[in-house]
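Undergrad: Start counting the sequence shown at 0; every next residue gets the next number (numbering that gives the first Met the number 0).
Hints listed in this document are in silico derivations from the structure and should not be mistaken for laboratory results.
Please read all numbers here as calculations on a predicted model, not as lab measurements.
Some clues are possibly wrong.
[Stated by the list, open to error] Derived pair list, reagent style EDC-like, types lysine to aspartate or glutamate, alpha-carbon separation capped at 16 Å:
(1) 45 - 272
(2) 29 - 52
(3) 287 - 302
(4) 29 - 108
(5) 125 - 220
(6) 29 - 105
[Unchecked claim] What follows is a list of derived Cβ distance ranges for each label pair:
(7) 132 - 192: 11 to 21 Å
(8) 338 - 1: 15 to 25 Å
(9) 125 - 151: 36 to 46 Å
(10) 316 - 42: 13 to 23 Å
For glycine and all other residues, C-beta sits at the position ideal for the given N, C-alpha and C.
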Amino acid sequence: MIRRSREWIDQLEGYIDAHDGCGFDPFDIKQHRIIRAVQPYSLLRKGSSVLCDVFPNASRALLGVQPQRNPKTFALAAHGRLRRFQATGDGAHIDRARRFLQWLIEHAEPGYAGLAWGYPFDVHAKGLDTPRGTPIAVVAAIAGEAFTLAFRITNEAVYRDAVVSIAGHLLRDIPRMPQADGTVCFAYTPGDRRRVHNANLHVAAHLVRAHALTGADRFLDPVVPALRFTLERQRPDGSWPYGEYDPSEPFEASLLRLVDHYHTGFVLRSLHEILGFTEAGLDLPLRKTLSCALESGFAYYRDRLFAPDGAPINGHGRYPVDIHACAESILCPAVLSERFPDARERALRSLEWAYAHMRNPCEGTTYYRQYPFFTSRLVCMRWGVAWMYRALVELLAMTQSGLKQRARE
């Protein structure tokens, strides 16, 4: 299976380069006025979604939706190239990563306190309107992860400066929502008041990265109350919902209450990274709480969010199987295999399933979704190709690292 993963990595890498990171996205068509008009109505919203999945390319052609470049694509591709360099020593991967990172620097949104990026399309949801280009904390944090790795590999100040700049943006532009229990939740965007766990922890993790590089306490001070917000809202079974729902707020209850695969993976990977920074200044009781939360969270994720054949499942059931969840079902166990040795086998089983069911056998591109009776073959650059590339490279890098470690022993 590892040999097949190398083949798939090369195919996805070639696709990203050939299209210069430009492609379709599950959300690009939702900004069209016709699709937006039906969003408030549950049945029409679901019907339009299925219709666009059945005829993804035809619907986009009919509505005039064009391929776009998404900053998250470039961040994921850069990170993947950097990890490939670490695994192979091939300088061509560093050169390509530099180009992706330079694109991010040149295409940051102007007018903010640091490097910030948004999506190239509007995002609309119940109680929420996010115009295109609005800074999104998760995008900044994922880009920050790539810039951090670039600095650790090259020791070039431009990448350290980018890490610090992103942290400055997250501190000054992203609101902190204080809670009655003394905890704090970072927002998803400057105008979003939903309390979303993965966004909160993405911000906290990047602030820890910035502190690790600079030693500046201003980056570390907000981390503990944000971390406690999510830790103290873990459910007894070990899971986290997407966010916290308050009936007085105008947001979609079903979304905030949902336990899904890839957002759970985001939470677990962020907790794992924060716990790995021994210089993060967490006191021993909090570190123990974090460690216990991570252990019970991973147990829930491992036992409840995977089908026996390796396919990822969500709180609402097996279908549809989403390519983003497939990528996370490889990436999260690969990353957490440092802490949970059995996680690697989980990642390999998911890779085997995704390779057989969510990959174009001729081109190596990813499919978007699998339903019980059909598969949506839309190629999503950010949502599918870039995330799967990032996941496969991480699994390969972790596998090679493990082999080298065993050889030394």
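Undergrad: Does each hint fit the structure? Answer for all of them.
TA: Hints, verified against the model:
no.	hint	in the structure
1	45 - 272	violated (36 Å)
2	29 - 52	holds (12 Å)
3	287 - 302	violated (22 Å)
4	29 - 108	violated (22 Å)
5	125 - 220	violated (33 Å)
6	29 - 105	violated (27 Å)
7	132 - 192: 11 to 21 Å	holds (19 Å)
8	338 - 1: 15 to 25 Å	holds (21 Å)
9	125 - 151: 36 to 46 Å	holds (41 Å)
10	316 - 42: 13 to 23 Å	holds (18 Å)
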